[in-house]
Amino acid sequence: MHILDKGTHIDFMGKRKLAMAFSLTLILISLVLLFTRGLSFGIDFTGGTLIEVAYPDAVELGGIRDVLQEAGFSDIQVQHFGTARDVLIRIAPRANTASAKLSEDVMTALKGADSAVEKRRVEFVGPQVGGELTEQGGLAVLYSLIGILIYVAMRFEYRFSLGAVAALIHDVIITLGVFSLFQVEFDLTVLAAILAVIGYSLNDTIVVFDRIRENFRKMRKGSPTQIMNASINQTLSRTLMTSGTTMLVLVALFLLGGEIIHSFALALIVGVFVGTYSSIFVAGALSLALGVSKADLMAVDKEGKEVDQTP
Amino acid sequence: MNQYPAWKYLLIAVFLVVGILYALPNLYGEDPAVQISSARGTPLPDTVQGLVETRLADSKLKSKAIEAGQNRLLVRFNNTEDQLAAADVIKEALGNDYVVALNLAPSTPRWLQDIGAQPMYLGLDLRGGVHFLMEVDMDAAIQKALERYSSDLRTVLREAKVRYISIRPSSDKLAIKFRSAEDRTKGEERIHDEYRDLQLKEVDQGDSYVLDITLSENEMRETRKLALQQNITTLRNRVNELGVAEPIIQQQGDRRVVVELPGVQDTAAAKRILGATATLEYRAVDTQHDVEAALNGKVPAGSRLYKTRDGRPYLLKSRVIVTGDQIINARSGFDNNSGSPQVSVTLDGKGARKMLEFTKENVGKPMAVVFIENKTTSRIVDGKPVISNHQVEEIISVATIRDVFSKKFQTTGLDSPQEAHELALLLRSGALAAPIRIIEERTVGPSLGAENIEQGFESVVIGFCLVLVFMGLYYKVFGLVADLALAFNLVLIVALLSMLQATLTMPGIAGIVLTVGMAVDANVLIFERIREELRNGNTPQASIHAGYSKAFSTIADANVTTLIAGIVLFSFGTGPIKGFAVTLSLGIITSMFTAIMGTRAVINLAYGGRRLQRLPI
Numbered sequence: 001m002h003i004l005d006k007g008t009h010i011d012f013m014g015k016r017k018l019a020m021a022f023s024l025t026l027i028l029i030s031l032v033l034l035f036t037r038g039l040s041f042g043i044d045f046t047g048g049t050l051i052e053v054a055y056p057d058a059v060e061l062g063g064i065r066d067v068l069q070e071a072g073f074s075d076i077q078v079q080h081f082g083t084a085r086d087v088l089i090r091i092a093p094r095a096n097t098a099s100a101k102l103s104e105d106v107m108t109a110l111k112g113a114d115s116a117v118e119k120r121r122v123e124f125v126g127p128q129v130g131g132e133l134t135e136q137g138g139l140a141v142l143y144s145l146i147g148i149l150i151y152v153a154m155r156f157e158y159r160f161s162l163g164a165v166a167a168l169i170h171d172v173i174i175t176l177g178v179f180s181l182f183q184v185e186f187d188l189t190v191l192a193a194i195l196a197v198i199g200y201s202l203n204d205t206i207v208v209f210d211r212i213r214e215n216f217r218k219m220r221k222g223s224p225t226q227i228m229n230a231s232i233n234q235t236l237s238r239t240l241m242t243s244g245t246t247m248l249v250l251v252a253l254f255l256l257g258g259e260i261i262h263s264f265a266l267a268l269i270v271g272v273f274v275g276t277y278s279s280i281f282v283a284g285a286l287s288l289a290l291g292v293s294k295a296d297l298m299a300v301d302k303e304g305k306e307v308d309q310t311p
Numbered sequence: 001m002n003q004y005p006a007w008k009y010l011l012i013a014v015f016l017v018v019g020i021l022y023a024l025p026n027l028y029g030e031d032p033a034v035q036i037s038s039a040r041g042t043p044l045p046d047t048v049q050g051l052v053e054t055r056l057a058d059s060k061l062k063s064k065a066i067e068a069g070q071n072r073l074l075v076r077f078n079n080t081e082d083q084l085a086a087a088d089v090i091k092e093a094l095g096n097d098y099v100v101a102l103n104l105a106p107s108t109p110r111w112l113q114d115i116g117a118q119p120m121y122l123g124l125d126l127r128g129g130v131h132f133l134m135e136v137d138m139d140a141a142i143q144k145a146l147e148r149y150s151s152d153l154r155t156v157l158r159e160a161k162v163r164y165i166s167i168r169p170s171s172d173k174l175a176i177k178f179r180s181a182e183d184r185t186k187g188e189e190r191i192h193d194e195y196r197d198l199q200l201k202e203v204d205q206g207d208s209y210v211l212d213i214t215l216s217e218n219e220m221r222e223t224r225k226l227a228l229q230q231n232i233t234t235l236r237n238r239v240n241e242l243g244v245a246e247p248i249i250q251q252q253g254d255r256r257v258v259v260e261l262p263g264v265q266d267t268a269a270a271k272r273i274l275g276a277t278a279t280l281e282y283r284a285v286d287t288q289h290d291v292e293a294a295l296n297g298k299v300p301a302g303s304r305l306y307k308t309r310d311g312r313p314y315l316l317k318s319r320v321i322v323t324g325d326q327i328i329n330a331r332s333g334f335d336n337n338s339g340s341p342q343v344s345v346t347l348d349g350k351g352a353r354k355m356l357e358f359t360k361e362n363v364g365k366p367m368a369v370v371f372i373e374n375k376t377t378s379r380i381v382d383g384k385p386v387i388s389n390h391q392v393e394e395i396i397s398v399a400t401i402r403d404v405f406s407k408k409f410q411t412t413g414l415d416s417p418q419e420a421h422e423l424a425l426l427l428r429s430g431a432l433a434a435p436i437r438i439i440e441e442r443t444v445g446p447s448l449g450a451e452n453i454e455q456g457f458e459s460v461v462i463g464f465c466l467v468l469v470f471m472g473l474y475y476k477v478f479g480l481v482a483d484l485a486l487a488f489n490l491v492l493i494v495a496l497l498s499m500l501q502a503t504l505t506m507p508g509i510a511g512i513v514l515t516v517g518m519a520v521d522a523n524v525l526i527f528e529r530i531r532e533e534l535r536n537g538n539t540p541q542a543s544i545h546a547g548y549s550k551a552f553s554t555i556a557d558a559n560v561t562t563l564i565a566g567i568v569l570f571s572f573g574t575g576p577i578k579g580f581a582v583t584l585s586l587g588i589i590t591s592m593f594t595a596i597m598g599t600r601a602v603i604n605l606a607y608g609g610r611r612l613q614r615l616p617i
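Residue numbers (the working numbering), protein chains in the order written: chain A, 1 to 311; chain B, 1 to 617.
Treat the hints as calculated values from the structure; they're not laboratory data.
Everything numeric in this text was worked out from a predicted model, so none of it was measured.
One thing to keep in mind: the hints can contain errors.
[What the hints assert, rightly or not] Here are the computed lysine to any residue pairs in the SDA-like style, where the Cα-Cα straight-line distance is at most 25 Å:
| hint | chain 1 | residue 1 | chain 2 | residue 2 |
| --- | --- | --- | --- | --- |
| 1 | B | K225 | B | A268 |
| 2 | B | K271 | A | K221 |
| 3 | B | K271 | A | V251 |
| 4 | B | K271 | A | L68 |
| 5 | A | K111 | B | S447 |
| 6 | B | K476 | A | V251 |
| 7 | B | K317 | B | Q251 |
| 8 | A | K218 | B | G364 |
| 9 | A | K111 | B | D204 |
| 10 | B | K271 | A | A109 |
| 11 | B | K271 | A | K218 |
| 12 | A | K218 | B | N538 |
| 13 | A | K294 | B | T346 |
| 14 | B | K476 | A | I76 |
| 15 | B | K91 | B | W111 |
| 16 | A | K111 | B | K271 |
| 17 | B | K476 | A | L248 |
| 18 | B | K271 | A | T8 |
| 19 | B | K476 | A | L240 |
| 20 | B | K225 | A | Q136 |
| 21 | A | K111 | B | Q251 |
| 22 | A | K111 | B | G445 |
| 23 | A | K221 | B | K476 |
| 24 | A | K218 | B | S447 |
| 25 | A | K218 | B | N78 |
| 26 | A | K111 | B | R402 |
| 27 | B | K271 | A | S293 |
| 28 | B | K476 | A | G244 |
| 29 | B | K476 | A | M219 |
| 30 | B | K271 | B | Q251 |
| 31 | B | K317 | B | E202 |
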């Protein structure tokens with residue numbers, strides 16, 4: 001079975017102005033969203049208490065709210081989680097709350113109203129832990145970008161490295177934008193997903209770059225634009241194939257993995273989608289804009305030897 | 001062309017066999033079991049097994065197997081009802097000196113256990129349980145240390161006959177007020193000679209001469225370290241009280257402790273026991289003043305009123321003789337001569353010196369132990385819950401000093417072995433330098449844990465099958481070879497996770513699912529190359545060779561960069577994130593092996609060295 005038979009000849013580079021405009025628009029929208037609506041951070045980052053309970057039958061949220069309000073919990077959020085039988089209760093962090101006792105009180109109040117309620121999950125994160133996680137999370141993204149920047153600069157050339165990292169930042173911002181737009185909860189697992197997206201999208205970009213480097217050496221004729229076009233076309237079926245299989249499992253995870261893994265799977269789905277697009281339209285085009293030429297890649301000669309080392 | 005030397009086939013076969021062997025324990029289920037260990041972590045006496053056997057036989061409970069392990073006894077049962085009933089019987093038979101915990105013991109066959117094969121270690125989100133992150137209040141630890149110095153310094157200054165007005169401890173320093181600059185210089189010299197670890201600074205406030213004393217950087221670090229270690233030790237003992245089969249108590253950073261209690265459902269009890277942090281102080285009983293007068297509000301200066309657990313009031317001197325953190329050990333036992341129950345206490349050097357000093361002058365007088373518990377409660381005030389931390393101070397023992405002693409002494413005159421046991425336990429748990437509090441909690445109920453496993457397993461299987469079908473359709477025979485490699489990859493990931501005993505969490509399972517999708521990438525790269533070579537008119541054999549060799553550096557580059565992201569994730573990660581990073585990184589490494597060497601071996605076996613017209617790709 002072949003999806004793209006005999007190789008394609010799409011003029012990707014010719015459309016790079018259009019793609020750039022498209023990407024910039026998306027980034028702009030995402031940034032505006034992030035600054036106005038912001039992200040709906042989970043308690044991992046904000047601190048607070050989260051309690052998931054299950055009832056044997058579907059329940060009305062209003063009733064639960066009343067019970068808790070009567071018990072003295074005023075600043076609470078109650079919502080269904082997955083099904084009408086599962087309920088998620090969030091309690092905002094309090095300045096002087098150093099205790100994890102809150103969840104016990106909530107359970108006592110709920111049990112008093114309906115003894116059939118079952119505690120499924122409790123998460124309590126102190127405000128200081130939340131602050132630290134936010135900081136560490138930001139640093140983790142930064143460190144992985146720096147690590148990647150260095151590796152790609154070593155293996156290829158600094159302009160490729162900048163192109164690749166720009167593409168990654170592009171992916172991260174747009175993925176965050178989607179999370180901001182739909183106000184999907186952003187928790188620790190989503191952060192992990194974002195880092196995985198960085199890894200994945202880079203994977204894609206590297207494959208294209210690898211081919212570009214190879215073609216720069218092989219194709220004596222042809223402008224950088226033509227060579228880039230040829231390289232993207234040659235790797236296109238692989239790009240689509242791998243994204244396809246990854247998408248398959250991600251959709252399976254999204255649909256079957258349960259409520260807890262939902263935002264995680266969503267982040268990856270969006271990220272893989274954007275990452276695939278960016279490795280085709282953004283990374284190469286940017287390195288080209290930065291002025292990558294044939295001469296830049298010819299210098300690295302030892303590459304040829306490594307290729308011969310067949311596993 | 002396209003033939004591997006024998007050693008390569010052998011290598012792959014060895015990996016395959018080892019992988020399957022170590023992944024195998026995961027297929028066997030778990031037995032409900034009761035785990036018995038000694039409350040103090042000492043080896044179990046041989047008599048325990050016999051006692052358990054007879055008691056179980058008496059109650060007509062059939063055990064599946066009884067295994068004596070290192071410091072523990074594991075009794076397996078056929079079903080949960082037997083397990084629960086047996087746990088009650090055993091608890092009753094063994095009493096308080098043993099921890100009897102419910103456990104799910106993997107039913108790995110003997111021969112697999114012998115080669116060290118174990119099933120994967122499941123995280124709390126998969127098996128249910130409580131995770132606490134606790135933080136030691138280091139400011140309080142430092143303050144406590146300063147307070148201890150303040151009583152030492154009084155003695156030093158008195159012995160050196162240096163006159164001072166007052167010694168005041170505040171949160172991070174001690175301020176000694178002197179009458180004159182000369183007194184201060186003398187005092188400073190003396191203190192400097194005796195305590196090299198203290199930092200001294202002269203401060204002039206109007207007409208008073210103050211000497212500010214702070215702990216040196218070194219001493220502070222030491223104090224913090226001790227506070228943390230003592231807390232960890234005490235938490236261990238408390239967790240034993242809870243009867244948890246495989247608790248984890250681990251230091252995290254320089255002031256935090258992670259406590260994981262798999263299978264614990266009654267989190268309220270767990271928090272009560274873990275959260276009720278305590279310290280204790282030995283104080284002299286004030287015998288010169290009248291307790292009745294003090295009860296009516298006339299508390300003499302230098303003394304304070306305390307009560308025992310059953311409400312009897314005592315006047316105690318406010319000077320502390322020895323604090324809990326100077327206690328090295330407290331153990332209940334019996335007096336060799338009279339056979340009556342007693343508690344033996346061992347103090348550290350500093351405590352011993354102070355005790356010696358105090359007892360020298362106070363033989364025949366009573367001394368009390370005050371137990372101070374830090375409790376956190378929440379009350380509803382004006383419709384809002386108010387959280388407050390408060391201390392409960394009570395006297396747990398009053399005893400007369402019979403003789404001069406220092407490092408080791410016994411508290412006798414206790415009513416029962418039970419009381420001795422309790423006092424020893426209290427003394428031990430009071431051996432805490434600083435309060436500790438819960439700053440993060442994650443509890444997962446057992447039903448949610450089971451559901452998570454089920455859903456995780458399902459998504460792995462479905463994702464895996466989808467990719468198998470897709471690859472088979474797209475690359476035909478070569479696709480099937482890639483499918484084999486993918487299955488091999490999955491086995492290797494499971495085997496490695498089992499061998500490393502890395503914690504498998506829900507995000508970890510997601511990492512496996514993601515790996516399944518990404519692992520075929522290497523094969524896609526290779527196969528696309530082969531197709532390209534074929535299109536360029538190369539022979540099938542040459543195409544296979546060129547496909548593998550040309551794709552290699554691309555695969556390596558692409559995977560290394562993903563690995564960078566994985567490693568950053570791991571080093572940053574807390575709990576669940578770490579699980580994801582581990583499976584993702586392991587998956588990348590194993591997929592390199594299976595997708596490149598594994599598929600090549602199969603393809604070489606199938607097509608290598610033959611004349612081929614076309615390839616089924």
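A quick look at each hint next to the structure:
Between K225 (chain B) and A268 (chain B) the CA atoms are separated by roughly 29 Å; this puts the pair beyond 25 Å, and the hint is violated. A distance of roughly 73 Å separates the Cα atoms of K271 (chain B) and K221 (chain A); the hinted pair therefore is violated under the 25 Å criterion. Proximity of K271 (chain B) to V251 (chain A) is assessed by CA-CA distance (about 39 Å); at most 25 Å being required, the pair is judged violated. Between K271 (chain B) and L68 (chain A), the direct Cα distance comes to roughly 22 Å. Compliance with the 25 Å bound is thereby established for this hinted pair.
For a cut-off of 25 Å, the pair hint linking K111 (chain A) to S447 (chain B) stands: about 18 Å separates their Cα positions. As the CA atoms of K476 (chain B) and V251 (chain A) are separated by approximately 24 Å, the hinted pair is consistent with the 25 Å bound. The straight-line distance between the Cα atoms of K317 (chain B) and Q251 (chain B) is roughly 37 Å, outside the 25 Å bound, and the hint therefore fails. For the given pair, K218 (chain A) sits about 99 Å from G364 (chain B) by alpha-carbon distance, which is inconsistent with the 25 Å threshold.
For the given pair, K111 (chain A) sits about 62 Å from D204 (chain B) by alpha-carbon distance, which is inconsistent with the 25 Å threshold. For the hint linking K271 (chain B) to A109 (chain A), the alpha-carbon distance of about 18 Å falls within 25 Å, and the restraint holds. Of the pairs offered as hints, the one joining K271 (chain B) and K218 (chain A) is violated, with about 68 Å between alpha carbons and a cut-off of 25 Å exceeded. Between K218 (chain A) and N538 (chain B), the direct Cα distance comes to roughly 17 Å. Compliance with the 25 Å bound is thereby established for this hinted pair.
The hinted pair formed by K294 (chain A) and T346 (chain B) fails the criterion: a straight-line CA distance of about 78 Å is larger than 25 Å. Taking the CA atoms of K476 (chain B) and I76 (chain A), the gap is about 56 Å. The hint is violated against a cut of 25 Å. About 32 Å separates the Cα atoms of K91 (chain B) and W111 (chain B), which puts this hinted pair outside 25 Å; it is violated. Simply put, K111 (chain A) and K271 (chain B) have alpha-carbon atoms about 19 Å apart, close enough for the 25 Å limit, and the pair holds.
Among the hinted pairs, K476 (chain B) with L248 (chain A) is consistent with the structure: their alpha-carbon atoms are about 19 Å apart, no more than 25 Å. Pair hint K271 (chain B) plus T8 (chain A) does not hold up; C-alpha atoms about 64 Å apart against a cutoff of 25 Å. Taking the CA atoms of K476 (chain B) and L240 (chain A), the gap is near 18 Å; set against the 25 Å cutoff, the hint holds. The suggested pairing of K225 (chain B) with Q136 (chain A) holds, with an alpha-carbon distance near 24 Å, which does not exceed 25 Å.
At roughly 35 Å between alpha-carbon atoms, K111 (chain A) and Q251 (chain B) are farther apart than 25 Å, so this suggested pair is violated. Using a Cα cut-off of 25 Å, the hinted pair K111 (chain A) and G445 (chain B) holds, with the two alpha carbons roughly 16 Å apart. A hinted pair counts as satisfied when its Cα atoms are at most 25 Å apart, and K221 (chain A) with K476 (chain B) does not qualify at roughly 36 Å. Distance check on the hinted pair: K218 (chain A) and S447 (chain B) sit about 60 Å apart at the alpha-carbon level, beyond 25 Å; violated.
Between K218 (chain A) and N78 (chain B), the direct Cα distance comes to roughly 69 Å. Violation of the 25 Å bound is thereby established for this hinted pair. Proximity of K111 (chain A) to R402 (chain B) is assessed by CA-CA distance (about 55 Å); at most 25 Å being required, the pair is judged violated. For the suggested pair K271 (chain B) and S293 (chain A), the alpha carbons sit about 65 Å apart, so the restraint of at most 25 Å is broken. This hinted pair checks out: K476 (chain B) and G244 (chain A) have alpha carbons roughly 17 Å apart, not beyond 25 Å.
Simply put, K476 (chain B) and M219 (chain A) have alpha-carbon atoms about 32 Å apart, too far for the 25 Å limit, and the pair is violated. Taking the CA atoms of K271 (chain B) and Q251 (chain B), the gap is about 18 Å. The hint holds against a cut of 25 Å. Taking the CA atoms of K317 (chain B) and E202 (chain B), the gap is near 31 Å; set against the 25 Å cutoff, the hint is violated.
Hints 1, 2, 3, 7, 8, 9, 11, 13, 14, 15, 18, 21, 23, 24, 25, 26, 27, 29 and 31 from the earlier list are contradicted by this structure; the remaining hints agree with it.
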